[in-house]
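If you read the sequences in order, they're chains S and W. Sequential numbering of the first sequence, starting at 259, is according to my numbering. Sequential numbering of the second sequence, starting at 1003, is according to my numbering.
Calculated from the structure, these hints are not laboratory results. Fair warning: there could be bad hints in the mix.
[Said to hold, decoys possible] Simulated crosslink set (DSSO-like; lysine-lysine; CA at most 27 angstroms straight-line):
1. W:K1107 - W:K1072
2. S:K269 - W:K1080
3. W:K1057 - W:K1107
4. S:K269 - S:K315
5. S:K315 - W:K1057
6. S:K315 - W:K1107
7. W:K1080 - W:K1102
8. W:K1080 - W:K1107
9. W:K1102 - W:K1072
Please read all numbers here as calculations on a predicted model, not as lab measurements.
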Amino acid sequence: DAEITQSPRHKITETGRQVTLACHQTWNHNNMFWYRQDLGHGLRLIHYSYGVQDTNKGEVSDGYSVSRSNTEDLPLTLESAASSQTSVYFCASSELQNSPLHFGNGTRLTVT
Amino acid sequence: AQTVTQSQPEMSVQEAETVTLSCTYDTSENNYYLFWYKQPPSRQMILVIRQEAYKQQNATENRFSVNFQKAAKSFSLKISDSQLGDTAMYFCAFMNRDDKIIFGKGTRLHILP
């Protein structure tokens, strides 16, 4: 069965370190998204991609970057982790045009 | 910019009762999609129901139904015969023509035995 996999499931890192969260989907979806979930804020869009070599900023993109070198993967990089980036991160994908999102199981990131 | 508002941060109901979760949104677009997602304690995000804005008929999925009022920009979720397994965080979400989905802040629902 097709799926979307996030790794690691949990991560603890120190302030200032670079961190990369992996997202891999086997749905062959063109659209991929990264969200962060924080209490009181719901899910907020960080970055998204409509296809290979395409990336776009979401509403909370500062301090994050993504790259899309193939259809299956959209890694999220925190260039210099900050305590404000402690959160649960969700990757999601969708087919073109008006399809619901398929979500990964999330990565809980703690920045100390 | 589109916004999604869920005015009930937390709700509790007895098992077998019916509960309605509220959601309003703001958009200037005419064609869009609306969703309700469920997030149980496992953290998994599960699609509950979807509604196309161009359809007047309210969507239904087993015990879950919506009351879609396009003019009022309202999209409430009704859960009938609630079960303990319905305990979860529920997110209302809006998808625009760019395929981006915007989420509300969520309603935490407790089903009491």
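Structure-based check of each hint:
1. A hinted pair counts as satisfied when its Cα atoms are at most 27 angstroms apart, and W:K1107 with W:K1072 qualifies at roughly 21 angstroms.
2. Annotation: proposed proximity of S:K269 to W:K1080 is violated, straight-line Cα distance about 37 angstroms (limit 27 angstroms).
3. Note on W:K1057 and W:K1107: the hinted pairing holds, with a Cα-Cα distance of about 25 angstroms set against a maximum of 27 angstroms.
4. For the hint pairing S:K269 with S:K315, the CA-to-CA distance comes to about 24 angstroms; that is within 27 angstroms, so the pair holds.
5. Proposed proximity of S:K315 and W:K1057 is contradicted: the alpha carbons are some 31 angstroms apart, above 27 angstroms.
6. For the hint pairing S:K315 with W:K1107, the CA-to-CA distance comes to about 20 angstroms; that is within 27 angstroms, so the pair holds.
7. Distance hint between W:K1080 and W:K1102 is fulfilled; the C-alpha atoms sit about 25 angstroms from each other, no more than 27 angstroms.
8. With a CA separation close to 18 angstroms, the supplied pair W:K1080 and W:K1107 stays within the 27 angstroms bound.
9. For the suggested pair W:K1102 and W:K1072, the alpha carbons sit about 20 angstroms apart, so the restraint of at most 27 angstroms is met.
Hint compliance for this structure: hints 2 and 5 are not met, and every other hint is.
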